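> The primary structure of each chain is shown beneath.
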Amino acid sequence: MGINRILNHPVLGPVENKKRITFTFDGQTFEGFEGDTIASALLANGIRTLRVHEETGAPRAIYCNIGHCFECRVTVNEADIVRACMTPIQESMAIESGKVQPAPFNTPPEEWPRTYTEYEERNNNQKDGGTNA
Amino acid sequence: MLDVVIIGAGPAGLSAAIACRESDLDVLVIDEFPKPGGRLLGQLHQEPTGEWWNGIKETEILLNRANTLNTKIECGVSCHHIEKTETGYLVHTSQELYKTKKLLIATGAAETAAPIPGWTLPGVMSIGAAQVMTNVHRVKVGNKGIVAGVNVLSAAIARELQIAGIDLHSMALPVKNTVTKDHAHPEKVMEGLVRIAHLAPSPFLRFGSKFAQSSKVRDLATKFYPKGGFKMWGMPIHVRKAITQINGTDKVESVTMCDVTPEGDVIPGTEEIINVDFVCIAGGLYPLSELASVIGCPFRYLEELGGHVPVHNEQMETPVEGLYVAGNITGIESAKVARAQGAVAGYAIANEPERLKQAMQAVKKIREAASIQFHPQIKAGRAKIHRAYQEYV
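Chains A and B, in that order, are what the protein sequence lines are. Under this note's numbering, the residue at position 29 of the first sequence is numbered 33, and the numbers go up by one with no gaps. Under this note's numbering, the residue at position 245 of the second sequence is numbered 1128, and the numbers go up by one with no gaps.
Since the hints were made in silico from the structure, they are not lab data. All values derive from a computational prediction rather than experimental measurement. A virtual CB, placed ideally from N, CA and C, is assigned to each residue, including glycine. Wrong hints could be hidden among the right ones.
[Stated by the list, open to error] Distance condition first, Cα-Cα at most 25 Å in a straight line; then the derived DSS-like pairs of lysine-lysine: (1) Lys918(B) <-> Lys22(A); (2) Lys1219(B) <-> Lys1240(B); (3) Lys940(B) <-> Lys1219(B); (4) Lys23(A) <-> Lys1219(B); (5) Lys918(B) <-> Lys23(A); (6) Lys1134(B) <-> Lys103(A); (7) Lys1027(B) <-> Lys1114(B); (8) Lys940(B) <-> Lys22(A).
[Unchecked claim] Computed beta-carbon distance windows for the label pairs: (9) Thr1144(B) <-> Asn21(A): 48 to 56 Å; (10) Gln1128(B) <-> Gln32(A): 30 to 38 Å; (11) Arg118(A) <-> Pro1151(B): 31 to 39 Å; (12) Thr951(B) <-> Asn21(A): 44 to 52 Å.
[Claimed, not checked] Stretch by stretch, here's where chain A covers chain B in the computed footprint (C-beta under 8 Å, at least three residues): (13) 1043-1055; (14) 1072-1078.
Sequences and hints are given; from them, build the entire structure.
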């Protein structure tokens, strides 16, 4: 169900006899209709933010809704990078939003190497090749 | 080995599958979306005759026919790679590896991004995203929104949102930047607006659109465009205002709108804050053709057809043996044209010359009768791509 449902439509008619499906998002229980995608079921429940930018923590939601932009990627039953806009909800599905990840660089962008030579010079002492610019 | 794999279960893919099944070919249709119908599903508009074009009903008609003919349709399957072999194609998908003699790519179109500062905020989405949420999933994308981008597609979908009871403040241009280009240029946008004005309920606009076919009149109209915008279905359409910024901390809270010159440059000091909780960005459509490129199909860039288009002839064959294309991948046109093109591709694949001829005539007839044209030079574009095919045979 959800608060944002268009239950009556002047041309398409009413939404009737839809099977309800229960799922969780970040541990909270929600209800959607059979045929909903994760994105539509959550939006119907007033949830827009599906993940945060892995580095900055800025909130993100659906953009294209056709599986191209990957802005809606979530974790479903522990599988990551699942597109919320392309994945139908299923009974007892456990969905988790994307979280901030450890940053691959330990310096701010202004201090990152500008050329490959510069990168090599700074990292030639590191055994693993070094990703910390 | 399958006779034909069809990528895309939209109007083109489904009608092609039907045509192939009529000749009892072993056909498999795959589509990434959980339900068949493609972008036809979301369509809902009133024809000039007053009749409603309901994409869900149109999809049902195609599906019923496909099901009667026992057509295999697999949804929720993504194709990410295709290989050409001596006998046909290997289609790599998220489910299985399919072997097929022939391949039809009917992947449709995607929306061109028109980035505006703040566009990553939750509540900003492509206009097509809003269409699917509204008409297919029956979910309100917000309480009050604004549309950034004035074109054939955005006007049609804005109307659909209104019909569903969703409040739209107005439609305006995206701010001019290196990406938004023509979409942010009032004179260029005016050209497009003139092509849809005949659909407006206001006789004044319909009348005006006839005169505005001339570029001089159009430039004058852009110059003296009313401050309050022209209203279509009670909603102001602005071509001399642009959305310069989308504001909010965790979600959309408002947009900043500015007046712009006839060239799209922001006029300083005209900022206005408009409270909305969603923004639809509409940068128009381009043919979704990566998969054809993966197999090495030659391409042409044709503005009239909406972008890079795989080279093909009127029978929907490409110069790559056994590879066919149909629908919006061949150029941006209506779902009706796509559906008719699908039948052409299907009969070409099934090698049914008589039906093929009829289907080709049907495409032309439907194109002639179209109430909306995505590009005024569509026929010239079609002729160019068909000529390009001759270079490869």
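> Next, verify each hint and record whether it holds.
Here is how each hint holds up against the structure:
no. : hint                                 : result
1   : Lys918(B) <-> Lys22(A)               : holds, 16 Å
2   : Lys1219(B) <-> Lys1240(B)            : holds, 18 Å
3   : Lys940(B) <-> Lys1219(B)             : holds, 13 Å
4   : Lys23(A) <-> Lys1219(B)              : violated, 32 Å
5   : Lys918(B) <-> Lys23(A)               : holds, 16 Å
6   : Lys1134(B) <-> Lys103(A)             : holds, 17 Å
7   : Lys1027(B) <-> Lys1114(B)            : holds, 17 Å
8   : Lys940(B) <-> Lys22(A)               : holds, 18 Å
9   : Thr1144(B) <-> Asn21(A): 48 to 56 Å  : holds, 54 Å
10  : Gln1128(B) <-> Gln32(A): 30 to 38 Å  : holds, 32 Å
11  : Arg118(A) <-> Pro1151(B): 31 to 39 Å : holds, 34 Å
12  : Thr951(B) <-> Asn21(A): 44 to 52 Å   : violated, 25 Å
13  : 1043-1055                            : holds (count 3)
14  : 1072-1078                            : violated (count 0)
In this structure, the hints that do not hold are numbers 4, 12, 14, in rising order.
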